[in-house]
Each structure stands twice: as C-alpha cells, then as structure tokens.
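Peer 1: Sequence:
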Amino acid sequence: MEHLSVQLLVILFAVAFVAGTLDAIAGGGGLITLPALLLSGLPPIAALGTSKLQSTFGSVSATRAFAKRGLIDWKTAWPIGLAAGLAGIAGALCASLLSPKFLAGLVPVLLIVIAVYFGLSKALKAEDGPARLALPAFAGFIAPIVGFYDGIFGPGAGAFYMVAIVTLLGYGVLKATAHTKLANAASNVGALALFILKGAVIWPIGLAMAVGAFLGAQLGSRLAVRFGARLIRPLLVTISCAMAVKLLADPANPLRQMAAGLF
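Residue numbers (this note's numbering): 3 to 265.
Simulated from the structure, these hints should not be mistaken for lab results. Computed from a predicted structure; not experimentally measured. Cβ coordinates follow ideal geometry from the N, Cα and C atoms, glycine included. Each hint should be verified, as a subset may be incorrect.
Listed next, with one range per pair, are the computed distances between beta-carbon atoms [stated by the list, open to error]:
no., residue 1, residue 2, range
1, Leu41, Lys200, 16 to 24 Å
2, Ile13, Ala139, 38 to 46 Å
3, Leu40, Val115, 45 to 53 Å
4, Thr240, Leu41, 31 to 39 Å
5, Ala254, Val115, 35 to 43 Å
Let's have the full structure, built from the sequences with the hints guiding it.
Peer 2: Laid out in structure tokens, this is it:
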C-alpha cells in the first residue's frame with residue numbers, strides 16, 4: 003500500500019484498541035483485526051503478519067499488566083513461555099505443510115466444545131484447584147502443541163491455552179488468564195519473527211495498531227482483575243462461539259461444504 007491515509011490509520015488504531023481490550027480478557031482479538039486489515043486492502047499474508055505484530059504488542063502489554071499485579075508465577079511461567087515461543091516459531095516455519103482446510107474444519111468444532119465446557123463446567127473458579135498434570139509435562143507437551151498451532155494458524159489459541167491451564171494446572175480464573183496471556187505473547191513473538199523475516203509486515207499500519215492494542219490490553223487487564231470470573235467466563239463463551247461462527251461462515255470451510263453436499 004503506497005498511500006496510507008491518516009483516517010485509515012485512526013480507524014485501524016481504534017479497531018486494535020477494541021481487539022486488544024477483548025483479547026486481554028478472553029482472547030479472540032484476531033477475529034476483529036484480521037478482517038479489518040483484509041477490508042483495508044492488504045493481501046492475506048500481509049494482513050496475517052501485520053495482525054500478528056499488533057497482537058504481539060497487545061499480549062505483551064496484558065502480560066506486563068498482570069505481572070505488575072503479582073498474578074504470574076514466574077517459576078511456572080517461564081518454561082511454559084519458552085516452550086510456547088519455540089513452538090510458535092516452528093509453527094510459522096511449517097505453515098505450508100499442514101492443510102489450512104483441515105484446520106479450518108477442526109478448529110470451529112474445538113471452539114464450540116470449549117464454549118460448552120466453560121459455559122457448563124465448574125472448573126472456572128476464583129481459587130486454584132489441584133493440578134492434574136505436572137509442570138514439566140505441561141511445558142514439554144501441552145504448551146508446545148498450542149504454541150505450534152498459534153504459529154501455523156492462530157484463531158482460538160488463547161481459548162486453547164486457557165482451557166489447558168484451567169483444566170490441567172488447576173489455576174483460578176484470573177491467574178489462568180494471566181498465564182494464558184504470557185503463553186500467547188511468547189508464541190506470538192515466535193511467529194512474528196518469521197513474518198518479519200518474510201517481509202510480511204506493513205509497518206506503518208502495524209505500529210499504529212500496536213499502540214492501540216497495547217492501550218486496549220491495559221484496559222482489558224484492569225477489567226479482568228476487577229470483575230474476574232463474572233466477566234471472563236461469559237466473554238470466553240461468547241468469543242469462542244463468535245470465532246467458530248466466523249470460521250464456519252467462510253464458504254471455503256470444509257464443514258460448510260460438507261453440509262451443503264448433504265443438503
């Protein structure tokens with residue numbers, strides 16, 4: 003894009019602010035920013051790279067805000083973050099090896115399952131519960147799986163981190179949200195590094211949106227701390243469903259094509 007208007011940058015800044023606010027609470031910011039970038043005229047690869055830049059700033063901002071409130075246990079967090087970051091790089095490197103159609107068909111189903119889980123389960127509590135998996139196993143197996151997915155595809159990664167941390171590490175809702183943001187930030191940074199090397203980031207747009215995402219994440223983290231599960235649970239359910247609907251609305255989605263073939 004040779005000519006960028008101030009009006010476009012202001013609009014995309016505002017979009018990133020809203021996305022950063024929601025993403026800090028329950029994830030799903032890419033559901034807002036990626037379509038906005040595509041509508042602004044960016045080609046898909048540039049839209050992905052630019053969206054990853056702003057989401058990295060947002061997730062790092064949220065992580066910083068949660069850490070300042072003492073909600074991150076660094077002894078637990080750093081191996082999870084390291085594993086997620088390395089896996090994010092690997093995912094971005096392998097993006098061409100795994101069929102996007104397979105992921106586009108699988109992810110909506112997983113998101114709906116997560117929405118039902120958080121909507122009905124009593125696991126999402128303010129206090130910590132017993133862990134079902136030791137930290138080395140979580141950092142060595144679960145975090146890399148989600149981090150790899152975040153690098154290779156992305157939508158719903160925050161929800162996947164959240165359900166894994168709540169279910170397997172037994173963290174309370176606010177602590178789980180804080181550690182989810184850290185893991186998300188790590189895999190975002192890893193994937194972003196590859197997009198930068200590929201020249202897939204439109205820097206004027208990305209930096210304007212990064213400022214919006216950073217500020218929005220500060221607001222979102224404050225809202226999460228203030229309202230806790232009362233806000234996080236319904237937003238997790240709503241955003242997971244919205245992402246599933248968004249993916250299924252694509253005419254190229256294999257599940258939609260399968261349904262059309264049946265009816």
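Peer 1: None of the hints should be skipped; say for each whether it holds.
Peer 2: So, going through the hints one by one against the coordinates:
In this structure the supplied range 16 to 24 Å holds for Leu41 paired with Lys200, their Cβ-Cβ distance being about 22 Å. Checking the proposed 38 to 46 Å range against Ile13 and Ala139 shows it holds: the Cβ atoms sit about 45 Å from each other. Remark: the range hint 45 to 53 Å for Leu40 to Val115 is contradicted by a beta-carbon distance near 27 Å. In this structure, Thr240 and Leu41 break the distance hint of 31 to 39 Å, their C-beta atoms being roughly 22 Å apart.
A hinted range of 35 to 43 Å is violated for the C-beta pair Ala254 and Val115, which are about 22 Å apart.
Going down the numbered hints, you'll see the structure goes against 3, 4, 5, while the others check out.
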